[in-house]
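**Q** Using the sequences provided together with the hints, build the complete structure.
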Amino acid sequence: MCRHLAYLGEPATLASLVLEPEHGLLAQSYAPADMRGGGTINADGHGTGWYPPGSTTPVRVRSASPLWSDTSYAALAAATTSGAVLAAVRSATVGMPVTATAAAPFTDGRWLFSHNGVVRGWPDSLAAAAAALPVIDLMTLDAPTDAALLWAVVRRGLADGADPADLLARVCADTERSAPGSRLNLLLTDGTTIWATAWRHALAVRAGPAGVTVASEPTHAFPDWTRVPDRHLVVARPGHHESHDLGAP
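For the sequence shown, position 56 (counting from the first letter as 1) is numbered 56 according to full-length UniProt numbering, and the numbering increases by one without interruption.
The hints are simulated quantities; they were obtained by calculation from the structure and are not laboratory data.
Among the hints, a few may not be true.
[Claimed, not checked] Quick list of simulated restraints, FRET-style, between CB atoms:
#, residue 1, residue 2, range
1, V98, P223, 34 to 42 Å
2, P209, V135, 45 to 53 Å
3, R110, L133, 17 to 25 Å
4, A210, A130, 24 to 32 Å
5, A130, D166, 17 to 25 Å
6, H244, P134, 23 to 31 Å
7, R156, V59, 19 to 27 Å
8, A130, A78, 39 to 47 Å
9, S16, G121, 33 to 41 Å
10, A159, P123, 18 to 26 Å
Only a predicted model underlies this, so the values are computations on that prediction, with no experimental measurement involved.
Glycine residues also receive a C-beta, built at the ideal position from the N, C-alpha and C atoms.
**A** Structure (structure tokens):
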């Protein structure tokens with residue numbers, strides 16, 4: 001069911017955020033600690049998006065290969081520096097394709113997005129949500145997956161001017177109504193703010209003077225990680241983060 005992280009802060013290499021930490025996404029790709037029954041490893045692809053210095057438009061790379069076997073990514077990550085990053089490793093739900101386009105992050109304009117979890121009853125449970133979208137949004141889905149459809153819903157809401165925090169909360173609530181029992185950890189950034197939901201899956205935050213990291217699992221054994229309670233939404237910026245209750249089931 002994937003693992004993901006977002007970072008905002010002092011410029012850092014992608015390798016220092018994704019590959020080098022003792023329990024970074026590289027370690028979480030083959031030895032995750034808190035999958036909660038949602039698979040055992042995350043070997044069905046990976047992706048990273050980052051904002052080059054001075055740019056509000058992210059660059060993204062994705063692959064269908066396991067992160068641990070991608071030597072090209074390792075070289076790129078060591079040579080690339082950014083102060084705003086969103087990365088993910090994927091564990092595909094049974095029946096969904098294993099392709100690079102199915103891997104997070106998804107992107108449009110200044111946005112990067114990831115979904116860690118599963119929508120129960122896919123695809124029937126999201127048929128109404130899909131029907132409410134413009135046809136062009138469905139024609140341009142990255143992949144025929146629950147995560148890509150959730151991104152289409154989020155992307156349309158952002159294009160219509162919705163507040164990101166309100167939008168993610170609404171998407172979680174609407175999806176829960178149509179697909180009870182879903183796991184809906186959503187992660188969104190525009191390069192200046194991180195919005196993230198914890199919905200039946202693990203999430204943690206580490207905020208310090210150098211930056212803020214929101215991740216499925218703590219990437220280091222440092223004591224300053226804060227576990228996010230279930231059904232909460234996090235809004236984070238360098239030096240500050242807050243958590244909001246999304247309500248009872």
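**Q** Does each hint fit the structure? Answer for all of them.
**A** Taking the hints in turn, this is what the structure says about them:
no. : hint                     : verdict
1   : V98 to P223: 34 to 42 Å  : holds, 37 Å
2   : P209 to V135: 45 to 53 Å : holds, 48 Å
3   : R110 to L133: 17 to 25 Å : holds, 21 Å
4   : A210 to A130: 24 to 32 Å : violated, 41 Å
5   : A130 to D166: 17 to 25 Å : holds, 21 Å
6   : H244 to P134: 23 to 31 Å : holds, 30 Å
7   : R156 to V59: 19 to 27 Å  : holds, 23 Å
8   : A130 to A78: 39 to 47 Å  : holds, 40 Å
9   : S16 to G121: 33 to 41 Å  : holds, 40 Å
10  : A159 to P123: 18 to 26 Å : holds, 23 Å
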